[in-house]
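Trainee: Chain by chain, the residues:
2 protein chains.
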Amino acid sequence: MNKALTQVISRIQELINRQEVIEAWLQKQSQQPRQALTDAVTQRQHLAELELLVNRLHPADIALLLESVPPEQRTLIWNHVEQKSAGAVLLEASDPIRQQLIRQSHSDDLSAVARHLENDEIADLVHDLPKEIIPDLLSSLPGEDRDAVRSALSFPEHCVGAWMEFDITAVTQHMSLDNVLSKLRDQGELPDNTGYIMVTDEAGSLTGMLTLEDLLIHQGQLSVAEVMSPVGIYFQTRDQAEDAARSFERYELIIAPVVNSHNKLVGVLRVSALMDLMDKLAQQKMLVQAGLSNEENLFDPISRSARNRWPWIALNLLIVFIASQIIDQFEQVISQTVALAALLPITANIGGNAGNQVVALVIRGLATQQLAPDNRLQLVRKELSVALLNGALWGTITGFLTLLLYQNINLGFVMLLAMFCTMLFAACIGVGIPILLKALGQDPALGSSVIITGTTDTLGFFIFLGLAAMIL
Amino acid sequence: MNKALTQVISRIQELINRQEVIEAWLQKQSQQPRQALTDAVTQRQHLAELELLVNRLHPADIALLLESVPPEQRTLIWNHVEQKSAGAVLLEASDPIRQQLIRQSHSDDLSAVARHLENDEIADLVHDLPKEIIPDLLSSLPGEDRDAVRSALSFPEHCVGAWMEFDITAVTQHMSLDNVLSKLRDQGELPDNTGYIMVTDEAGSLTGMLTLEDLLIHQGQLSVAEVMSPVGIYFQTRDQAEDAARSFERYELIIAPVVNSHNKLVGVLRVSALMDLMDKLAQQKMLVQAGLSNEENLFDPISRSARNRWPWIALNLLIVFIASQIIDQFEQVISQTVALAALLPITANIGGNAGNQVVALVIRGLATQQLAPDNRLQLVRKELSVALLNGALWGTITGFLTLLLYQNINLGFVMLLAMFCTMLFAACIGVGIPILLKALGQDPALGSSVIITGTTDTLGFFIFLGLAAMIL
Numbered sequence: 017m018n019k020a021l022t023q024v025i026s027r028i029q030e031l032i033n034r035q036e037v038i039e040a041w042l043q044k045q046s047q048q049p050r051q052a053l054t055d056a057v058t059q060r061q062h063l064a065e066l067e068l069l070v071n072r073l074h075p076a077d078i079a080l081l082l083e084s085v086p087p088e089q090r091t092l093i094w095n096h097v098e099q100k101s102a103g104a105v106l107l108e109a110s111d112p113i114r115q116q117l118i119r120q121s122h123s124d125d126l127s128a129v130a131r132h133l134e135n136d137e138i139a140d141l142v143h144d145l146p147k148e149i150i151p152d153l154l155s156s157l158p159g160e161d162r163d164a165v166r167s168a169l170s171f172p173e174h175c176v177g178a179w180m181e182f183d184i185t186a187v188t189q190h191m192s193l194d195n196v197l198s199k200l201r202d203q204g205e206l207p208d209n210t211g212y213i214m215v216t217d218e219a220g221s222l223t224g225m226l227t228l229e230d231l232l233i234h235q236g237q238l239s240v241a242e243v244m245s246p247v248g249i250y251f252q253t254r255d256q257a258e259d260a261a262r263s264f265e266r267y268e269l270i271i272a273p274v275v276n277s278h279n280k281l282v283g284v285l286r287v288s289a290l291m292d293l294m295d296k297l298a299q300q301k302m303l304v305q306a307g308l309s310n311e312e313n314l315f316d317p318i319s320r321s322a323r324n325r326w327p328w329i330a331l332n333l334l335i336v337f338i339a340s341q342i343i344d345q346f347e348q349v350i351s352q353t354v355a356l357a358a359l360l361p362i363t364a365n366i367g368g369n370a371g372n373q374v375v376a377l378v379i380r381g382l383a384t385q386q387l388a389p390d391n392r393l394q395l396v397r398k399e400l401s402v403a404l405l406n407g408a409l410w411g412t413i414t415g416f417l418t419l420l421l422y423q424n425i426n427l428g429f430v431m432l433l434a435m436f437c438t439m440l441f442a443a444c445i446g447v448g449i450p451i452l453l454k455a456l457g458q459d460p461a462l463g464s465s466v467i468i469t470g471t472t473d474t475l476g477f478f479i480f481l482g483l484a485a486m487i488l
Numbered sequence: 017m018n019k020a021l022t023q024v025i026s027r028i029q030e031l032i033n034r035q036e037v038i039e040a041w042l043q044k045q046s047q048q049p050r051q052a053l054t055d056a057v058t059q060r061q062h063l064a065e066l067e068l069l070v071n072r073l074h075p076a077d078i079a080l081l082l083e084s085v086p087p088e089q090r091t092l093i094w095n096h097v098e099q100k101s102a103g104a105v106l107l108e109a110s111d112p113i114r115q116q117l118i119r120q121s122h123s124d125d126l127s128a129v130a131r132h133l134e135n136d137e138i139a140d141l142v143h144d145l146p147k148e149i150i151p152d153l154l155s156s157l158p159g160e161d162r163d164a165v166r167s168a169l170s171f172p173e174h175c176v177g178a179w180m181e182f183d184i185t186a187v188t189q190h191m192s193l194d195n196v197l198s199k200l201r202d203q204g205e206l207p208d209n210t211g212y213i214m215v216t217d218e219a220g221s222l223t224g225m226l227t228l229e230d231l232l233i234h235q236g237q238l239s240v241a242e243v244m245s246p247v248g249i250y251f252q253t254r255d256q257a258e259d260a261a262r263s264f265e266r267y268e269l270i271i272a273p274v275v276n277s278h279n280k281l282v283g284v285l286r287v288s289a290l291m292d293l294m295d296k297l298a299q300q301k302m303l304v305q306a307g308l309s310n311e312e313n314l315f316d317p318i319s320r321s322a323r324n325r326w327p328w329i330a331l332n333l334l335i336v337f338i339a340s341q342i343i344d345q346f347e348q349v350i351s352q353t354v355a356l357a358a359l360l361p362i363t364a365n366i367g368g369n370a371g372n373q374v375v376a377l378v379i380r381g382l383a384t385q386q387l388a389p390d391n392r393l394q395l396v397r398k399e400l401s402v403a404l405l406n407g408a409l410w411g412t413i414t415g416f417l418t419l420l421l422y423q424n425i426n427l428g429f430v431m432l433l434a435m436f437c438t439m440l441f442a443a444c445i446g447v448g449i450p451i452l453l454k455a456l457g458q459d460p461a462l463g464s465s466v467i468i469t470g471t472t473d474t475l476g477f478f479i480f481l482g483l484a485a486m487i488l
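Residue numbers (our numbering), protein chains in the order written: chain B, 17 to 488; chain A, 17 to 488.
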């Protein structure tokens, strides 16, 4: 199965990399006079093959393909995606790619594409669509659907409301199971099968959940209220989507009802939407930690990518210039013992990496909620103990190596002490910075690698040269 | 709902932090003569409350609680977990915690705990159980179950086989829907409802899937084969579990059949198991990148934590000593212009962080499969262009700052050039190292922050001092 997919994708890659295919397409676009007939025939065959292959793929695979080719070829592929799957492709693509594809599409095409989508999908897409097509698009929906889309639009992305689906199968609790069955038979199929039907009272408030098994194994005369399960875990539209995702993971949920602030059933959360969210968050964390805006894509335009890295480079430069000025203060000591300049990076560098190890642990602990306000002090104590132990050990090793290299006992002793102190500081900073960022309402991973290496460098130089000035 | 959970957990934390509760428990353990009667009554009340509260929690929440308290209190809580949920708690806990809890439990208790679990859960746990109880445990299972556990034990953790469940509801394709219905009614309930029933032929080969809706909306005389859906996506026991998880995410699956190499249906994969896997992998990536073994837990014993960090500290020390020896070769130049010692860390540090930005992008691209062999060269071109642009820009800024600080045009020029070259190198290394690690069959994130900062330091110093030696 996977091998077949790989083959289709490499054939597509092969096609779009052919000069003549690109030319044929450009020609078709601009409707210029054709070249020699033989050429044109092969070219059209290639384009037809491309269209066939692309539309044989699942929308998620088309999106992946679009992400992994450069912008020009992306447009070429995008123009061959069928209208009925184009909406799904847009939804699967990452934000910058989606925006690029939308910019390159005609408004009319986009309206047509959107009409193939469900309400919650339209709501997900609407923010990125050109403003001029939205009124038309909304007015083409039936009244109830229009209201649903409008209400979904009002939820910010971190809220459960933005991730829920609102095309749901719900029944009222006074119906008999036979009534439910004939209702289902009329519909023909449940939207997106998960085996659960939500139950409300006459006023639309959530009262329970019915499984399809309940329908199968109980007598038809029974009422829904008699066989339904009580509502277990449910969410409010304003709950944090990330917390909801953690609950899904922890309690192994597949689907959960969502209510508004009046306990009215307004939608359902599905595990597949939350899996996307979790993956997005995990990836963001990695980029954010390295000091990248979470929007950067592998093949973003060069100028955009370059600018995306500026804020952290600038901060980095500021910190390292401060560190540099600290070294400058010790010019006197360095000119007496030039070996100090060579040994300078050692403590700072080891400190930086030791700090990064602690940061990674703390960020993970915060994400999994294992680290909470009550056990912070405990963690500080543990990390300080580890740093004392490792500082003593690796300080001794480094001091000894220095002694061997420079035959200078005092210099070795300076290294030992500097290493020990820097590792202690690095542990404090490593625990402190993510917790501080979190307390400030920021992502605890935000630029941590720049901040940690910057801080340990500055302190590391100061400690090492300060000790050298005192001892040598 | 979440607030209630938080309250229960803080009350438990409060109880286990009381000295008298711990003492009462220790006394109960050692069955020493009681203290004054009044004391004993309160103490027993506290312990009873603790037991009540702990067992009111979901096993996943108990596991989280155990992870976030220090070892002594962990034992206290663990001893109050009811036998019927203890197995689920062990399965939810991380590897080191699970191993600790098992070490502290009696063999008899563990056997009793295991008997509350399903076959695939026993298989997950068996590796960590004491060897002496396994034969007894296996022989207490019915013959068929025993074989299932044995076969599950043979799959390595990265395989689909290790993550599948094998207590599945399957029917043969010649059965009528009425037969299926009465079979289900006899069972009373499907294990872990997802709305799907797997279909096999007489020989046990997978031939399709039946939804519960199919049962509800079709006539009972029809045969399963007439209404079932064809098998869409399925996995083999030896497939990579990570790939399976990506497919679940991409195609929004909830459940998928697993077959052995003879196409016999042997189990199912569920989205909840794979969500755990994805989360585990995302967290591992973060730790591995910082140079931590993925096993380290927030509250591991100090000596274990300290040792866990040694390999990368050692590598780091080796690299930075090499960098230091490079600086040492330029002693002459530094003693002439001591300012060089102060400026030394700047290029290396900026290069390191720029490299880390690229690494984060590349690791993400490899994980999402957006980066494949066909578009690597493209990425190298893009990243080199970004580095050219940013190198020129930030080189000029740094050169100008140096000029301002030291009133030395040549020194400013050295900084500009050094910055430019180091950023170019950092981009190459940032793209190259994760791809190389992946090609070597390693995790592309493995220790990347140590490797990148080490390499950019070494090169950064060499470039900066080399240019200084030529120009100054």
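Simulated from the structure, these hints should not be mistaken for laboratory data. Predicted, not measured: the structure shown is a model, and the values here were computed from it. Be aware that a few hints might be false.
The list makes no distinction among identical chains, and a pair is therefore deemed to hold if it is satisfied within one copy or across any two copies.
Using 30 Å as the maximum straight-line C-alpha spacing, the simulated DSSO-like pairs for lysine-lysine come out as follows [unchecked claim]: (1) Lys100 - Lys398; (2) Lys19 - Lys199; (3) Lys100 - Lys454; (4) Lys454 - Lys19; (5) Lys454 - Lys147; (6) Lys199 - Lys296; (7) Lys280 - Lys100; (8) Lys100 - Lys19; (9) Lys19 - Lys280; (10) Lys199 - Lys147; (11) Lys280 - Lys398; (12) Lys100 - Lys147; (13) Lys454 - Lys296; (14) Lys454 - Lys280; (15) Lys19 - Lys398; (16) Lys147 - Lys19; (17) Lys199 - Lys398; (18) Lys296 - Lys100; (19) Lys199 - Lys454; (20) Lys19 - Lys296; (21) Lys398 - Lys147.
Trainee: Are the hints correct? Go through all of them and say.
Mentor: Comparing the hints with the structure gives:
1. Lys100 - Lys398: neither (57 Å within a copy, 33 Å between copies)
2. Lys19 - Lys199: neither (42 Å within a copy, 38 Å between copies)
3. Lys100 - Lys454: neither (43 Å within a copy, 37 Å between copies)
4. Lys454 - Lys19: Between copies only: 20 Å across, 44 Å inside.
5. Lys454 - Lys147: Classified as neither; 36 Å inside a copy, 44 Å across copies.
6. Lys199 - Lys296: neither (38 Å within a copy, 42 Å between copies)
7. Lys280 - Lys100: Neither way: Lys280 and Lys100 sit 33 Å apart in one copy and 36 Å across, limit 30 Å.
8. Lys100 - Lys19: within (26 Å within a copy, 44 Å between copies)
9. Lys19 - Lys280: The answer is between: 21 Å across copies meets 30 Å, while 47 Å in one copy does not.
10. Lys199 - Lys147: neither (39 Å within a copy, 55 Å between copies)
11. Lys280 - Lys398: neither (48 Å within a copy, 51 Å between copies)
12. Lys100 - Lys147: Only inside one copy: Lys100 and Lys147 sit 22 Å apart there, 57 Å across copies, limit 30 Å.
13. Lys454 - Lys296: Classified as both; 19 Å inside a copy, 22 Å across copies.
14. Lys454 - Lys280: Neither way: Lys454 and Lys280 sit 33 Å apart in one copy and 50 Å across, limit 30 Å.
15. Lys19 - Lys398: Intra 49 Å, inter 29 Å, cutoff 30 Å: inter-copy only.
16. Lys147 - Lys19: Close neither inside one copy (42 Å) nor across copies (41 Å); limit 30 Å.
17. Lys199 - Lys398: neither (61 Å within a copy, 57 Å between copies)
18. Lys296 - Lys100: within (26 Å within a copy, 36 Å between copies)
19. Lys199 - Lys454: This pair counts as neither: shortest intra-copy Cα distance 49 Å, inter-copy 53 Å.
20. Lys19 - Lys296: This pair counts as both: shortest intra-copy Cα distance 26 Å, inter-copy 26 Å.
21. Lys398 - Lys147: neither (55 Å within a copy, 32 Å between copies)
Checked against the numbered hints given earlier, the structure breaks hints 1, 2, 3, 5, 6, 7, 10, 11, 14, 16, 17, 19, 21 and satisfies all the rest.
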